[in-house]
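*Asks:* Sequence:
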Amino acid sequence: MRNLLAQAVVVLAGVLLPWVIAPAARARTTAQNNAAALPFDAHDLSGVWQLAPGGGGQGPGDNFPPLTPWGQAKYDANKPGYGPKAAPGGNDPILKCDPTGFPRILFVIWPFEIIHTGRILMFFEGQHTIREIWMDGRQLPADPDPRWYGYSVGKWQGDTLVVETIGFNDKTWLGAQGQPHSDEMRTIERYRRVDHNTIEFNLTIDDPKTYTKVWYAEPRLIKLKPGVEIPESFCVASEEEEFAKRIREPAARQTGKE
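Take 1 as the starting number for the sequence shown in this note's numbering and just add one per residue.
Some hints here could point you the wrong way.
Dumping the calculated DSS-like pairs for lysine-lysine here, alpha-carbon to alpha-carbon at most 25 Å [said to hold, decoys possible]:
#, residue 1, residue 2
1, K213, K79
2, K171, K209
3, K74, K171
4, K79, K171
5, K213, K74
6, K223, K85
7, K245, K96
8, K96, K171
9, K245, K79
10, K171, K245
11, K155, K223
12, K74, K209
13, K209, K79
14, K96, K79
15, K85, K209
16, K85, K96
17, K74, K96
18, K171, K223
19, K85, K74
20, K171, K85
It should be emphasised that the hints constitute simulated quantities derived from the structure, not laboratory data.
Please construct the entire structure, taking both the sequences and the accompanying hints into account.
*Replies:* Shown next, in the form of structure tokens:
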């Protein structure tokens, strides 16, 4: 008798569940479509945004161009601290609380705020970092001092914001798998707001010291996050060391056995 009752409950749940879920899903889709249809200024990217999930993962993508001998040596020396390539003694710079660097920080699934002043500021939750993009018509400097996030200038081409960046140091990775770059790297970003809620994002990486071809990252979407505020988020070295000792290093040793 109990088995018959249990079977009846399962059947009834299977019949009723779609009637409960479907209206909620339809309401959510309708709300999203209505928000996307709101008017917007294509030249105003203000707000809190977040990269939508995509095949590129936390970085410009896994299908990077062939490496030069210099780039291959750098790549072979890099030991990710997590993920499928995790190895004991991981040397990913962010594991020491070094700056995430650019463009990697764009691909980490943390929100960031775009602020329009006389320039454009990108305020990232990750490491509570601010990046500046000069919009006053200046040219890129001929020989800038190397920086973690480079030196960026932007301009509008129609409804697309185009940002060029040079002047990087070579201390950061492009992704969690250890994709390297050199201080000769030049990046071009393109942002086009296609509706109230969505920016199309394309990235080109030109680093002839590291890669034999220009790297065209997988196009991604960036979604508006209404009502979200950027919280305080810092990488604290003492906490990172404790996490490595208790969790990351044991997990990396286990991954290495598989």
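*Asks:* So which hints don't hold here, by number, going up?
*Replies:* Those not satisfied are hints 6, 18.
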